[in-house]
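Same order as they appear, the protein sequences are chains A and B.
Note that our numbering has the first sequence beginning at 886, numbered continuously upward.
Note that our numbering has the second sequence beginning at 886, numbered continuously upward.
Just so you know, not all the hints are guaranteed correct.
Copies of one chain are not kept apart here, so a pair can be met inside one copy or by any two copies together.
[To be verified] Below, a list of computed lysine to aspartate or glutamate pairs in the EDC-like style, where the Cα atoms sit at most 20 Å apart:
id, residue 1, residue 2
1, K1001, E1087
2, K978, E1211
3, K1267, D905
4, K1144, E1000
5, K1028, E986
6, K1130, E1277
7, K1001, D903
8, K1074, D1147
9, K1033, E924
10, K1265, E1197
For the record, the hints were derived by calculation from the structure and aren't laboratory data.
Number of protein chains: 2
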Amino acid sequence: MWKSVGNGVLEGASKVGDIDPSKLTITTSETLKPIPAPETLTFGATKTDHMLVIAFDPENGWNAPEIKPYGPFSLDPCSSVFHYATSLFEGMKAYLGPDGEPLLFRPEMNMSRMEKSAERVALPPFNSQALLTLIKKLVVLEKRWIPKEPGYSLYLRPTMIGTRPSLGVTASDYALLYVICTPAGPFFKGPSTDLSLSAVNETVRAWPGGHGGHKLAVNYGPGFGPLREANSQGYNQVLWLLGDKITEAGAMNFFAVVKRDDGDLDLITPPLDGTILPGVTRQSILDLANAHTEGKSHLPNVPSSQKLYTHEQDLTMTYLRLWHDEGKLLETFCVGTAVIVGSVTRIGQDGKDLIIDSSKAGISWTDAFRKRLTDIQLGKFKYEGWAVPCAEA
Amino acid sequence: MWKSVGNGVLEGASKVGDIDPSKLTITTSETLKPIPAPETLTFGATKTDHMLVIAFDPENGWNAPEIKPYGPFSLDPCSSVFHYATSLFEGMKAYLGPDGEPLLFRPEMNMSRMEKSAERVALPPFNSQALLTLIKKLVVLEKRWIPKEPGYSLYLRPTMIGTRPSLGVTASDYALLYVICTPAGPFFKGPSTDLSLSAVNETVRAWPGGHGGHKLAVNYGPGFGPLREANSQGYNQVLWLLGDKITEAGAMNFFAVVKRDDGDLDLITPPLDGTILPGVTRQSILDLANAHTEGKSHLPNVPSSQKLYTHEQDLTMTYLRLWHDEGKLLETFCVGTAVIVGSVTRIGQDGKDLIIDSSKAGISWTDAFRKRLTDIQLGKFKYEGWAVPCAEA
């Protein structure tokens, strides 16, 4: 009998099963769905033919994985996830490479974050390498769903929910780990990639000692009211503040490009202090900026001699306004799996808008990062093994 | 077509239906379950024969309510609740009164809190008086499940989950509101009603601007890891701190009885600053203490002349220790629907235990409040209409 003893450790773990890809059973759908025209896609609404499901129970641990036709779950009304939000997820994208084979972008970073999320919300630990093997098999099976059009991809949503069928206020010792796929269009529908943000600090997304640094379901629902309010005021997203400090923008990480007195540039993003999601795109932007500045790999369409020093440090609205007034705030942008990189051109607070006009600078770091990342994701620019093939998993 | 526009307001609400008890359909179970022996009950594990279910969709608003056999829900893997924790609940108890008819305890307080929870997590608004009418009908139908033994009751769990079947990171415009019932035994299995708490501030349950003041699923899951850790160290529950400030104990409100220099007593509980759940039992304790001190209704087994002044004010561990060392800290206790009132006799922090020995005082306010509340809940002591009959709903 398995027992969780905290810190990701399973007491009796040797006796219960971890995820075993060799036990995978695949049941394919008898009739495959028609693929909708790309321009008709709404994010997250179209589901592919199949899903990966792995159940956990305290007697057997992780059961044999199943790939089977996409369909509803049958769950007891007492299930832990309904009452206590024992739930986590990941967002990943699959692309078709130049050889027509599916690629994932730095998937091991999602897997490692997902392990940490499970520990934070006291769901059972799992072998994330085994899960990645299974995700690759699912992507290969769903290959016909990966759109070929630029800006499109197959969005993957690995999810784990607590399914303990009892109301006791305690950790869930039953779980369902599943992966679903949905074809996704570009985040921005038109030619503009500009975002407007409404800065909010009356409602607080995350707090030191809280859970904003983990990809848990609990970080999203309580933000939907403020998002609706921001939308009604004409802003795309909320810029979540902690007092004066900038944390995240919607569910994206935030960056500012600031001109230094010596002519070089600073690239600043808030530090991973527990209130900030350790985004895969966030880390990739930092890595690419460092590689550019160190001369290891220059970003496209920006001067190769222009140095851009990365800083993970506190960013406040006060400083943003000061740099803006001094003409030092060159660009602000948001990054994430869905948006990839989006310019922030307007930030509203207390009825006033801060307008960030990045066109004045002549060069666009936002565009440079977006182009480089997209090229890496599509396998057009090979870099550090970030694009990982799914075939032969 | 219904549209939510925030602040609990439905745009086009006149066109979509609110909860309508006159549309209730009742489908009773063909075979009723055997009622387990009371001493075998585990909290939340035994479900009664029926449940109340009301679905919301954006076209029709609240659908016709159904009471039907208890059974699983069929839900799309994309359902909002799985990914974004759009979920809330209430805890209520039904008792059998002296005439053998079911009673609820101050249910309108749960209903009003549930409305506020829905607004906080951007789920659809609803007529909570209509819901209460339906809950009473469910309780009357499930009357045979209400245990007659002292300390037992039928626990009710009104729940609302977001069921929007799409991954878009936005408010759920589909929902399921349901009420399930589970017979519950006494919180304390033995004769002792003592609780030990482990004070924790590395992990934070709730923060200003967050959601700790609403009964949302998101407030529970992230606490299960620290709870497991506290249990493994021999404590019953976590005492959640914000820095040095005491907020809640597990999912209970916290009270301290402190001796004043003039011989009167102070009853102190943290204020409803947004980090504290506005507990029905918490408010009832404050009301009963005020009634006692004002001479309106004396508490049992305590001197009627002993005044107990209520204060909703910050409580810190530093003050608790100071009062303890000065011999002024007479009692600490936790209150909630499940526990009713439980003495706190030990609080651990940084490897040291603060022992609160309430027996020295000779009288027990904890016992006085528990007895009075229990008598009101069972209809033995009539007070301010707090015990509400379910019959003829």
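| message | As a check of your reading, is K1265 near E1197 (CA-CA no more than 20 Å) within one copy, between copies, both or neither? | response | Neither: 29 Å inside a copy, 63 Å across copies.
| Identical-chain pair category, K1028 with E986, by Cα at 20 Å | Classified as within; 8 Å inside a copy, 62 Å across copies.
| message | For K1130 and E1277, with the copy left unspecified, which applies at a CA distance of at most 20 Å: within, between, both, or neither? | response | Cα proximity of K1130 and E1277: none, with 46 Å in one copy and 55 Å across.
| message | I want to check one pair: K1033 and E924. Are their C-alpha atoms no more than 20 Å apart within a copy, between two copies, both, or neither? | response | Only inside one copy: K1033 and E924 sit 12 Å apart there, 63 Å across copies, limit 20 Å.
| task | Please work out whether the CA atoms of K978 and E1211 approach to 20 Å or closer within one copy, between two copies, in both situations, or in neither? | result | Cα proximity of K978 and E1211: none, with 39 Å in one copy and 62 Å across.
| field | Homo-oligomer pair classification [E1000, K1144; C-alpha up to 20 Å] | value | neither (38 Å within a copy, 49 Å between copies)
| task | Using 20 Å as the alpha carbon limit, work out where K1267 and D905 are close: within a copy, between copies, both or neither. | result | Intra 31 Å, inter 61 Å, cutoff 20 Å: neither.
| request: Measure nothing new, just compare the shortest in-copy and cross-copy C-alpha distances for K1074 and D1147 to 20 Å and report within, between, both or neither. | output: This pair counts as neither: shortest intra-copy Cα distance 39 Å, inter-copy 71 Å.
| field | Within, between, both or neither: K1001, E1087 at alpha-carbon 20 Å | value | between (29 Å within a copy, 17 Å between copies)
| field | Status of D903 relative to K1001 across identical chains (alpha carbons, at most 20 Å) | value | Within one copy only: 16 Å inside a chain, 42 Å across chains, cut-off 20 Å.
Going down the numbered hints, you'll see the structure goes against 2, 3, 4, 6, 8, 10, while the others check out.
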